[in-house]
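Colleague: Please put together the full structure from these sequences, using the hints given.
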Amino acid sequence: MAATTESVKADAAEAPLLNQKNLWLGLLLYLVFYSFIRWYEGVYAWSAGLDSFAPEFETYWMNMLYIELVAEVVLASALWGWLWKTRDRKVMSITPREELRRHFHHWVWLCMYGWAIYWGASYFTEQDGTWHQTIVRDTDFTPSHIIEFYLSYPIYIITGVSSFLYAKTRLPTYSEGLHLMYLVSVIGPFMILPNVGLNEWGHTFWFMEELFVAPLHYGFVFFGWAALAVMGVVNTEVMSIAKLIKKDLA
Amino acid sequence: MSASQSAVRSRAEAVKVSRTFDWMILFTLFFVILGGYHIHYMLTGGDWDFWADWKDRRLWVTVAPIVSITFPAAVQACLWWRYRLPVGATICVLGLLLGEWINRYMNFWGWTYFPVNFCFPSNLMPGAILLDTILLLGGSMTLTAVVGGLAWGLVFYPGNWPIIAPLHVPVEYNGMMFTLADLQGYHYVRTGTPEYIRMVEKGTLRTFGKDVAPVSAFFSGFVSIIIYFLWHFFGKWFAKTDFISDEDL
Chain A
0 MAATTESVKA DAAEAPLLNQ KNLWLGLLLY LVFYSFIRWY EGVYAWSAGL DSFAPEFETY
60 WMNMLYIELV AEVVLASALW GWLWKTRDRK VMSITPREEL RRHFHHWVWL CMYGWAIYWG
120 ASYFTEQDGT WHQTIVRDTD FTPSHIIEFY LSYPIYIITG VSSFLYAKTR LPTYSEGLHL
180 MYLVSVIGPF MILPNVGLNE WGHTFWFMEE LFVAPLHYGF VFFGWAALAV MGVVNTEVMS
240 IAKLIKKDLA
Chain B
0 MSASQSAVRS RAEAVKVSRT FDWMILFTLF FVILGGYHIH YMLTGGDWDF WADWKDRRLW
60 VTVAPIVSIT FPAAVQACLW WRYRLPVGAT ICVLGLLLGE WINRYMNFWG WTYFPVNFCF
120 PSNLMPGAIL LDTILLLGGS MTLTAVVGGL AWGLVFYPGN WPIIAPLHVP VEYNGMMFTL
180 ADLQGYHYVR TGTPEYIRMV EKGTLRTFGK DVAPVSAFFS GFVSIIIYFL WHFFGKWFAK
240 TDFISDEDL
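Protein sequences appear in the order of chains A and B. Here the first sequence stands for residues 0 to 249, where the numbers follow numbering that gives the first Met the number 0. Here the second sequence stands for residues 0 to 248, where the numbers follow numbering that gives the first Met the number 0.
To be clear, the hints were calculated from the coordinates, so they are not data collected in a lab. Note that the coordinates shown come from a computational prediction; the quantities given were computed from them, not determined experimentally.
Straight-line distance between alpha carbons at most 27 angstroms, and here's what the computed DSS-like set of lysine-lysine pairs gives: (1) Lys-239(B) x Lys-167(A); (2) Lys-20(A) x Lys-15(B); (3) Lys-239(B) x Lys-245(A); (4) Lys-20(A) x Lys-84(A); (5) Lys-242(A) x Lys-167(A); (6) Lys-89(A) x Lys-242(A); (7) Lys-235(B) x Lys-167(A); (8) Lys-15(B) x Lys-245(A); (9) Lys-167(A) x Lys-84(A); (10) Lys-245(A) x Lys-89(A); (11) Lys-245(A) x Lys-167(A); (12) Lys-89(A) x Lys-167(A); (13) Lys-20(A) x Lys-167(A); (14) Lys-242(A) x Lys-239(B); (15) Lys-235(B) x Lys-242(A); (16) Lys-15(B) x Lys-167(A); (17) Lys-242(A) x Lys-15(B).
Modeller: Structure (structure tokens):
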């Protein structure tokens, strides 16, 4: 009886398996942030983003680009550094329940990655298509590019690499070796950002129009396929979690 | 707690944990697939999908099914062969259509003021339902590729016909005859895709008049079969759970 009371007390004091607050706050954070960005585009793309030689373009768009680049480098360094610095050096000796808790936390990261991928690869990428049909382009740094390439892509990259680092440093499943499809699902979409170099080079020297299906854009397509590697991550996770919850009940 | 002990304390908790993971996995899978599929589709068939005056009887009917059967085939290869879930194609297409509709409304219309009846996305749902149903009933990749792939191409135009038909009626404007969709494009000038770039009704196929759309759909179905096979194996590769050693990196 005493033992039961102790175990109930321990349960009450124990952290929940899934901290739902983290999940919902994270999703809400991206939603609110990107809603603000969309509002900013709606107001300042039309009023200050049509002519890259105008002083107001520098004020409202180039300054935004500089700020976001610095913020992203600082954020990525701090977050990735913190995840690595605080890694669990005895990851193989954690209890099954702690491992399950970490899997839940890992899935909070993965949900955030999915959400960030949606905003970057779907929302702001197709949005760029319609902006190019509306203005005469006179710079690589159009308002839509400043948001799409240099804000929404780095955000999903930071989120994806963080998710990978969390798994690698805190989950026994990933501690020995590198999960090939996890690497593909993070590095592939990351490569879309360097591919912007090809895109801008091509548009600057070769092809000024914005035909979306032009072969110049196929680099984005190829690296976009890497998103499918999330299936490999899901399969590995399902096997690990099933193993954890199918063991003999205490 | 011994190594053979469960991480959960009761069967009820195991069920709850399992269901919670199901939702988190579904959320992540849905949005990651949505993002990958959308960027693939908009950059391989996007211009035909963006604008009503690109939605012709020949190239739209040919290109859109061929480039869009890719992700459904790959996701089916994982969800059916690992979990017996016959929803791979439907999940892909639902994700794609959600991403597209949000964009066309919030950005094409909400930001740059192209009317929605000029920039609505193509409907891929009938093909997705057929593809999943054939897989469910047949349980065979070959059958799904051949029958489903062909159906995917054939059903695309009929599936979009009720939407596009009113825009394909002929109109006369400044002494020229063209479709209502062409007239929309004439008024809504797009700086990035001027008229000389628009790829519609090209080639000699149009000489055959009424046969253009069915012949295009049949050809599209043929290529869709091949693409399905190819992407099925891509899907199997992407679903792997292999590890490489740290030294290999």
